[in-house]
Each structure stands twice: as C-alpha cells, then as structure tokens.
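Asks: Sequence:
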Amino acid sequence: GSLNYLSFYAPLYNTAGDLTGYMNLPYFARQSDLEEGLSDYITTLLNVYVVLFLVSLFTGLIVTTYVTKPLRIVQQQLAKISLGKRNEPIEWQSNDEIGRLVNEYNQMLLKLEESATLLAKSEREGAWQEMAKQVAHEIKNPLTPMKLNLQYLQKVVKEGGDDFTGKFKKVSGSMIEQIDTLAHIANEFSNFAKMPKVNLEPVNLTEVIQSTI
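Sequential numbering from 1 applies to the sequence shown in this note's numbering.
Do not take every clue at face value.
As the list claims (entries may be wrong) - Computed list of lysine-lysine pairs in DSSO-like fashion (alpha-carbon distance at most 30 Å, straight line): (1) 155 / 170; (2) 80 / 69; (3) 69 / 111; (4) 158 / 140; (5) 133 / 121; (6) 197 / 140; (7) 111 / 140; (8) 140 / 170; (9) 133 / 147; (10) 169 / 147; (11) 170 / 147; (12) 158 / 169.
Stated by the list, open to error - Pair ranges (Cβ atoms, derived): (13) 176 / 80: 56 to 64 Å; (14) 132 / 153: 29 to 37 Å; (15) 132 / 78: 34 to 42 Å; (16) 208 / 128: 27 to 35 Å; (17) 176 / 132: 21 to 29 Å; (18) 173 / 115: 35 to 43 Å; (19) 123 / 169: 46 to 54 Å; (20) 137 / 199: 20 to 28 Å; (21) 198 / 154: 23 to 31 Å; (22) 125 / 176: 30 to 38 Å.
Read the hints as simulated data drawn from the structure, not as lab findings. Each residue gets a CB set at the ideal place from its N, CA and C atoms; glycine is no exception.
Start from the sequences, fold in the hints, and give me the full structure.
Replies: What follows is the structure in structure tokens.
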C-alpha cells in the first residue's frame, strides 16, 4: 500500500567470492515511533543525571561538613582568645593537616600566655616605678618647708630676736603639720595593696590657704 518504509540491501557472496544475490531487509518503523523512543531515552538519561547530581550534592555536603568542622572549631577558639584569661587549647588526635594546624594554634596560645605574663610584669614594674616617683615627690613637698622652718629658728636663735616663743610656736605648729602629712603619706602607701575605699571629707579651703601663706 501507501505505507512508507526503509530498505536495507546487503550483497551475498559464495565461498568463491562470486556475487550470488542481494538481501533486502525492510524496516517499517514510523518517524513518530522514532521520536517517541528518542524522547524516552532522553528523559531516562536526564532522570539518571538528576539522581547522580543529587547524590553527588549530598555527598559533597557530607564531605564538606566533615572537612570544615575542625576549621570551624579553630575559628571559634580564635574568636574566644583573650589576654586577660586562660585560653583552652584544642584537642585533636589525628596527625594530618588539621592536626598540624591545631598544633600550631596550641603553640601560639603558649607564646601568647608568655607574652601576656611578661606584659603584665612590665606594667606592674612601670606602675611601681611611677608610684615610687610620686611618693618621693610627695615626701619632698613637706620636707622643704620643714627645712626652711628649722633654718628660720636657727637664724632667730643666732640673732637673738624678740618674741622667740611666738615664733617657735608658729614654726613648731607648721612642722607638726608637715610631719602629719608625711605620716599620712606613709599610711596611704602601706595601705596601697589593700586598695582602701575613698574617704570623702569636707575641707576648709580658707584655713588651708592661710596656713600655706
């Protein structure tokens, strides 16, 4: 009839190599069947690739999580590093790349603690040096008027001036005040380690200024 088909012809030879005839193989497959078969093949292939992609993606997530877990631990420990407290080292059993990284991190913690100790020691020494300078300065302040008062009394005794008793009373009162100041400095310095609370008290500025004059 009018049905279209494809023909395949193959020559046939005998044992002597002579051509004896042709074999005709008709193929009655329709184009729609070919397209449908090709579509099914492509669909199956896409499904296989999608499944493989999902499996590879899931496997990649697992591998990535396993690989990046120690790195996240190191990151968290680095974020917690502080000079004012003890930093805990990371425990890692394997001697791989991550193990070497963790080992370097732990070594860095030891060096950091040593540096912090040296820094604190240096700061304490600097603070004590500054304290010594301040105390020496505060001690010199009352010593100077005490020396001047004694020299003044020596001059009065030598020259034999009038009203020695009044002058001696005035000078002795000033020296007692300076001695009290020295005693106060010594007490504050001895109590420095205890860090005493602030003791606020009213002060009569007029009397302080008149005494200074």
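Asks: Now look at each hint and say whether the structure bears it out.
Replies: So, going through the hints one by one against the coordinates:
no. : hint                  : result
1   : 155 / 170             : holds (15 Å)
2   : 80 / 69               : holds (17 Å)
3   : 69 / 111              : holds (25 Å)
4   : 158 / 140             : holds (27 Å)
5   : 133 / 121             : holds (18 Å)
6   : 197 / 140             : holds (26 Å)
7   : 111 / 140             : violated (43 Å)
8   : 140 / 170             : holds (21 Å)
9   : 133 / 147             : holds (21 Å)
10  : 169 / 147             : holds (16 Å)
11  : 170 / 147             : holds (14 Å)
12  : 158 / 169             : holds (17 Å)
13  : 176 / 80: 56 to 64 Å  : holds (58 Å)
14  : 132 / 153: 29 to 37 Å : holds (32 Å)
15  : 132 / 78: 34 to 42 Å  : holds (40 Å)
16  : 208 / 128: 27 to 35 Å : holds (30 Å)
17  : 176 / 132: 21 to 29 Å : holds (27 Å)
18  : 173 / 115: 35 to 43 Å : violated (55 Å)
19  : 123 / 169: 46 to 54 Å : holds (49 Å)
20  : 137 / 199: 20 to 28 Å : holds (22 Å)
21  : 198 / 154: 23 to 31 Å : violated (41 Å)
22  : 125 / 176: 30 to 38 Å : holds (37 Å)
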